[in-house]
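Colleague: Take a look at the letters that make up each chain.
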Amino acid sequence: MSKHFLSGNDAFAYGIRLARPKVISAYPITPQTIVVERLSEMVEDKSLDSQFIHVESEHSAMSCAMGASSVGARTFTATSSQGLLYMAECLTYASGGRFPIVMMNANRSTALPWNIYGDQRDSLSLLDSGWIQAYAENAQEALDLALLSYYVAEHKEVQTPFMANLDGFVLTHTYEVVDVPTQEQADEFLPPYETDNKMDLQNPRNLAFSAGPATNTAFKYKEHNGLLNAKKIISEAETRFNEIFGRQYTGLIEKYKSDDADYIIITLGSISGLVKQTVDELREQGEKVGLVRIRYMRPFPNEEISQAVQNAKAAAVLEKDISFGNEGTVYTNVNSALKKFGVEVPVSNYIGGLGGRNISEVEIKTIFSSLKTNPSGVNFLGIGVNDSE
Amino acid sequence: MSKHFLSGNDAFAYGIRLARPKVISAYPITPQTIVVERLSEMVEDKSLDSQFIHVESEHSAMSCAMGASSVGARTFTATSSQGLLYMAECLTYASGGRFPIVMMNANRSTALPWNIYGDQRDSLSLLDSGWIQAYAENAQEALDLALLSYYVAEHKEVQTPFMANLDGFVLTHTYEVVDVPTQEQADEFLPPYETDNKMDLQNPRNLAFSAGPATNTAFKYKEHNGLLNAKKIISEAETRFNEIFGRQYTGLIEKYKSDDADYIIITLGSISGLVKQTVDELREQGEKVGLVRIRYMRPFPNEEISQAVQNAKAAAVLEKDISFGNEGTVYTNVNSALKKFGVEVPVSNYIGGLGGRNISEVEIKTIFSSLKTNPSGVNFLGIGVNDSE
Amino acid sequence: MKEILWHGRGGQGAFTAAKLLGAAFALRDDKSFALAFPSFGPERRGAPIRAFTKLDNKPIGNRSEIEKADYSIFLDDTLLVSSSLDELKGNGKIIVNTKQSFDDERIIAVDADSLAEKVLKRPITNTILLGAFSAVSGEVEISDIENAIKLYMPQKLHAKNIEAVEQASRLFKEVK
Amino acid sequence: MKEILWHGRGGQGAFTAAKLLGAAFALRDDKSFALAFPSFGPERRGAPIRAFTKLDNKPIGNRSEIEKADYSIFLDDTLLVSSSLDELKGNGKIIVNTKQSFDDERIIAVDADSLAEKVLKRPITNTILLGAFSAVSGEVEISDIENAIKLYMPQKLHAKNIEAVEQASRLFKEVK
Amino acid sequence: MTVSKPVTAKTISKDEFFYGHKACAGCGGSLAVRIALKVLGKNTVAVLPAGCMSAVGFNFPQLCFSNNAIISTFAGTASMLTGVEAGLRAQGITDFNAVGFAGDGGTADIGLQALSGAIDRNDDIIYICYDNEAYMNTGIQKSSLTPFGARTTTTPAGQNIHGNIRPKKNMFEIVAAHGIPYAATASIGYINDFMQKVQKASEIRGTKYIHVIAPCPTGWGIDTSETVEIAKEVVDTGLWYLAEYENGEFKLNHRPKEFASVEHYLTRQSRFRHLTDEDIEIIKTSRDKKWEYINKNFG
Amino acid sequence: MTVSKPVTAKTISKDEFFYGHKACAGCGGSLAVRIALKVLGKNTVAVLPAGCMSAVGFNFPQLCFSNNAIISTFAGTASMLTGVEAGLRAQGITDFNAVGFAGDGGTADIGLQALSGAIDRNDDIIYICYDNEAYMNTGIQKSSLTPFGARTTTTPAGQNIHGNIRPKKNMFEIVAAHGIPYAATASIGYINDFMQKVQKASEIRGTKYIHVIAPCPTGWGIDTSETVEIAKEVVDTGLWYLAEYENGEFKLNHRPKEFASVEHYLTRQSRFRHLTDEDIEIIKTSRDKKWEYINKNFG
Amino acid sequence: MKPYLRDFVPQNLEDIPEATAYEAGYLVTKNAGWRNVRPVIDNTKCVGCLQCYLYCPDGVIFQDDNKVDVDYNFCKGCGICQKICKVGAIRMEAEK
Amino acid sequence: MKPYLRDFVPQNLEDIPEATAYEAGYLVTKNAGWRNVRPVIDNTKCVGCLQCYLYCPDGVIFQDDNKVDVDYNFCKGCGICQKICKVGAIRMEAEK
Ligand SMILES: Cc1ncc(C[n+]2csc(CCOP(=O)(O)OP(=O)(O)O)c2C)c(N)n1
Ligand SMILES: Cc1ncc(C[n+]2csc(CCOP(=O)(O)OP(=O)(O)O)c2C)c(N)n1
Ligand code: SF4
Ligand code: SF4
Ligand code: SF4
Ligand code: SF4
Ligand code: SF4
Ligand code: SF4
Ligand SMILES: [Mg+2]
Ligand SMILES: [Mg+2]
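Just so you know, the protein sequences line up as chains W, D, R, H, L, A, Y and V, in that order. Residues 1 to 389 (the working numbering) make up the first sequence, in order. Residues 390 to 778 (the working numbering) make up the second sequence, in order. Residues 779 to 954 (the working numbering) make up the third sequence, in order. Residues 955 to 1130 (the working numbering) make up the fourth sequence, in order. Residues 1131 to 1429 (the working numbering) make up the fifth sequence, in order. Residues 1430 to 1728 (the working numbering) make up the sixth sequence, in order. Residues 1729 to 1824 (the working numbering) make up the seventh sequence, in order. Residues 1825 to 1920 (the working numbering) make up the eighth sequence, in order.
List time: in silico EDC-like cross-link candidates among lysine to aspartate or glutamate, alpha-carbon distance up to 20 Å:
no., chain 1, residue 1, chain 2, residue 2
1, D, K545, V, D1839
2, H, K1104, W, D179
3, D, K611, V, E1838
Everything labelled a hint here was simulated from the structure, so no lab data went into it. If you're wondering where the values come from, they're calculated on a predicted model, not measured in any experiment.
Take the sequences, apply the hints, and build the full model.
Modeller: Below, the structure is given as structure tokens:
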């Protein structure tokens, strides 16, 4: 391993190089572009032996990735925002086809209004598309996810595409120190891709077929279970990862001083860094506060979140998205988890960072303090409105 | 009014003709096609004065609709399944741009595996896209929604696109008796479209622009409120509708014998007919069962559902979709509502009808009876598995 | 509820008959309800298909395919197989276009081909079997069927098909 | 935490300097952490831009733009306006490339243009201001900057830019 | 460019690769797919988008291709082919054909962009458009390859409009304008010509495009036995032509001595039966204009 | 076909419709948009997809079009134009121009399909592609209109690959192959020619396409003052040509007496500075081949 | 090599593959029921020109000792072969 | 007719429009700060050929009594006008 000063995009590209994908197809979009640019450079300078395909749209990027995966090649693509939406049809196609494609998504707001900055409406609005969805906190985790993602996605019990989400700009374009593993370590961690789910000249197969009412449910049930199995395989992968690279991740969620906390913020992505810092500060002032960081939105950590917050007095879900006419999507998912597990802790919702609006330390402190008094409803940071019904 | 024997698609087309859209753009896909074919015939025979645009894809269908709406023309389009996903980018674009386009979506399963039959994964997977989403139970409601949709969507306080969902085949292709209103009645109900949200040669405007971090939240907040306002306007529209057409709808949900029910099925779409019939049967046998039919998934009837089930002993959400790696999307939304309102009634989830699999009366009875004993978890109809964690 | 199952090949008009029957029944007054639908699927021209009509005096909630029919009607006797009888309710009947005769009293044979040749001058037997159904079942009046034909068939086909329905019905009325 | 704000026009290399500073600081040992990022946005060549470096001895969670800086560095004195001082923390300092002199002691003037002309033979002043920052602030060693230059600038630019950093730093060392 | 001996009925592979499918009786598209696969042989990976051919051939567990085959998204034929080709090549496999079979809608409408992208990259693939002149799988809607005058379910023929009012998009020339290594038109009515073009395509590197007219008895309103006849007739009337584009040059492969009757061709199809004499005149005039162009520009 | 007197610097509208925008200094694209709008006048509805021109002109509340203007999705320029045109016409409004301004990526890549659809319908719109030969708004990535040899951020130039290895897609001829009523190429270096083509387009009914080379100092690596010069030079070298397609015929508008130096043109741009002599030879040979074709086929 | 009928019809959860990938050319149903008329080949007239074989959309005509025969499991009775046969060796017979 | 600077900058919730639709040509910031050099027109040399006006990408040269002038609020100093002017009536001056 060696230390480098890298942006989130750079780090992810380094991770992908270590994973040796055979085919890379991608289409430019801010703030994803850098990761693809880096990879095209690596292909040019031959530090990466891969087919780099300049496609004419994101639909084709994913379609090409599926073609490559359908003949057993490890593939990578990356996108963001409008690009993710433009390939929406291919997302369910890839998951239904059980193609373990890895895609980096640079979280960015979606039009209209146009906005190139980071929020998480793009990926969260496609939560039902059958992909594993992970959210990185920093550049190191980004690089590590690039490797972990293939391990999980390609695992026989999972066979599910993997979307690694990096917050646009604040993570993708921000430089920080990253440990870059060696190729030998990476090769030890990540076996070559092997599968039956491919067209094979020796053993011809028909793929991506129709299944009528009689058998469709079975395919969907298996797909669902592939995602549920990912819970176990993520943990297996992280253990193995730690053995080789000496960094231990914590599965579907990360609990930060939440075990004995009275007030908890549940959030995801790079804002967690600031929440941690704020938790530290408030702890020093004697406040029992904590953070639950959701690392995976699918499979969803129903049980993990319920356990993590069950002893708190109140919790808030802080998220960078809104399901119009309802509430934040993460909030909905968290509420459902708590309902199912009978956790009666009151939970409120803070919608922040829309269109790249900054979320400040002051606001995080305000959320923590509001938990003591008014723990309910949907609140917009930057509008000052409480929309509780 | 006059009675006709029509399919759901036919009925919707009749309703659209009554609404006098100026521009219709659409692309064929089973099982939506008939509605567009009917409209092209009406344009040919001049019973409808509208521009019918043969677009080359669904992305263009919606893009064209937005173009027409951006100059103040009432527009219509229709799609289904892959088509809905192919235009996903345009969905958030239309809602963010506050273009009150009406779209009929014929609910159909999404690939892979390919499947042309009805389930609701298509529209439910795009619940966060900022559209009003209504689900019709039968052909009469379909026709009526065609008229109601424009009233609501175009209302100054709403200005939000409207997706009217009809279950594929079982509703779109099934013929039944429908009262078709007269054009005079329709004109009395539905005023011409007027808006400031348009390009106007007399008063030039710039539309669909960018909004950076400073103002983005405000736009999103207003969009959210547009959807929330729809609750009131839907009710206003239904009252007015009843005055003119003599049919009263019931807002975001319909309660069928649920007020005093111990066991309630919560569902949406055309399966409600069978549930009603089963409720009637079981009621005759002295079982206190009921139905809550969700008519609108967005805006989401948080309060309405919570009130409707709060006195029950148990409830089940029966739905034709699955958010892989979690549970049914409607279930998630319902749970969140109940969590927020502190309703502790146990709720279980039944995933049925995937890929057009039939849901039988026997299965509905089984759901009701299972509520007495095992009211939890995610269950797949047609697999016989209970996935509760 | 009466459940009628139609069997034909794509192009023979089984679904049209199913729909006409539904319309005939449901449009006659405010207390009659019907559902009619084809078997859904990617079947192509030539492939065997089914269609369904449900008739009742209250709204029909069940949109599922018919499993056991009161009447199972075959536009083409090559589609009639021994297991076809399993699709009938206890007192269900089969009406089949055929030149054969059957010694099963549940099976009612109609030589619709000959009648079609005579009246319609085309080998389309769907309205003939509809007429036969009307006569056999008494579920729907010939006048209601004629009304449905006028509403939902192209103008130029009205006269001949009405004639066909009437002749077919007469065939049975006479027999009975 | 030390927060450094960079001002320049697109193309002048403000962000490169911000990044080199971060790398110089963070790669020196395991206890040094840095974040560096540009102002994000659709700004085009020619438009004024900002860049940010944060230095600390623990991981930095706050990825927000710097509001009050310890050092605000201007690659171009046309960008320096009176309100620029509002962007400073209490004891914050401005380092500006200029031929002018200022009688505000918070403002440190460097004639980076002339030095660039001499050493680099191109009007690019970013590494010169980095050298100046090193000397003025003492936050980062010249050797660490040189290391960063070697890692993150194209090979052919190493020698000259290292020279530039050193000369700039010497300028201040002498003055002090 | 072709070095091999032209394949014939006698020499073509006896293997069947597309068999047991549920296409309508007499389906021209299925003939095109069947024959092309027989020419290309077993080391062929076929990509088919949504459309009749995939709808009739891939209903689990009835899987009608004996070679490797996959359904792509409707828009994704060419891009999935690109991925297949790149994926195999990246694994060191080189002895294969990657072929796509897409309908007119899947080619000239929703799949055009991906096709254009593949040609632009010059990916080593064969793209075959089987043109039945409408969206057949969804029930005969107009595509941009539906000819002028044709009745479809979205271009109804009535008092006011006589079916489709727009001419057929010229995919062959659009593709040629990309500077593609090889493009050709064909008809299943001239099957030997088609076979040889497929064979030739398999021997050229880079992107190849073949546009084959494949009548649809269901959509065109003809008897199931007439498919091949009508596919021949459309060439004989001059309404379709057999040509190639190679090395930047157009070449006409077949010049009817004299044109067969356009009236006969049109009126035997129910989709055209409503046409007036003037409508037919428009069709003939535009044919003659096209042939003027062909005579001038095609070798 | 044009009846009006050609517009000139003296007669062009004094109104400015695109003003105060945040394009880089010396941006060629913004010049193309500005001039076209001045020709088309105030009753113009402009549709711009994602790309530099919309990114620099529509940042609420800084809105830089004084006519009606809207951003479309990246892929949706042509289809949104169709809707705008149909929507206005359906309301009885007829005196307007519906014009699109899309970049090379938005035209030849992701927007190609919608454009093809609009031409196929012959919608009454003007589509202007301002070609700066890469995805500039996202930071200079290769598009299918990036010329051979150009360095972009996704076609880096190094030891192994010398920038983009594929030739530029020929949008003009692809569009012409659709049988469009009017298509033209232009360059902002020959602005009068461009103005007259825009004017002509506004006087023809049906779909019109104009492809204008609009250099980007940022992406091409030239000084901001050189934009117009280099846009002239690319025509003078014969690497770009000024032509029209109308009534099914191609016409060349400008024939350089002798070609200006290709080397000079290339080496003044940093995107080409890595090219070897052989690379440059390839560029010249392909230019010569193109001109052979032009001489043969263009009137 | 050709897709062919199999006895085993995957229907249960265990038999259904994990992904949408299955053995190529796997047939479980015939098309015989589609036919109203069937082609009958008169081998005495047949000259073995193979044109019927070539043009059959379903590929159900196969070579048999320089003559041809039909796989009636999959022939749909379209009648193309009958029209193609120049020597009139094929006639269509009603199925019933 | 031309987009022009306005005093009012919509920022608060109430001032922001309901939809993404606003008055055309609404400017709230200048581009003057982008400039390192500025074009200065020598009216004595200018022959009023309007070529600079035509080619300015920002449209900031306007006609003024058969001569031309520059809107320095929006000129970015690209230098195109200087190169275009055949009679050398425009020179670029450093901003500082
Ligand atoms: C994105 C998308 N839109 C629409 C469809 C529906 N669809 C499936 S097949 C088809 C028609 C195909 O027409 P064509 O390509 O001409 O092939 P054909 O059916 O005529 O063989 C359509 C519209 C789809 N599958 N995906
Ligand atoms: C679906 C989608 N994919 C990607 C993008 C990102 N994007 C916005 S502008 C742009 C580049 C535009 O290039 P071009 O069309 O050539 O115009 P230019 O920026 O060069 O003016 C890209 C890739 C997008 N907005 N939408
Ligand atoms: S509808 Fe036409 S193209 Fe489709 S299977 Fe039938 S004959 Fe073939
Ligand atoms: S990057 Fe190029 S095209 Fe974009 S605004 Fe700048 S000069 Fe214009
Ligand atoms: S076409 Fe006739 S002669 Fe030729 S092989 Fe067939 S049956 Fe024999
Ligand atoms: S009738 Fe048709 S399917 Fe049967 S063998 Fe002849 S051509 Fe083939
Ligand atoms: S180009 Fe020169 S001469 Fe012509 S108007 Fe401008 S300043 Fe005057
Ligand atoms: S310098 Fe550039 S922006 Fe300024 S007036 Fe001259 S051409 Fe216009
Ligand atoms: Mg077709
Ligand atoms: Mg561009």
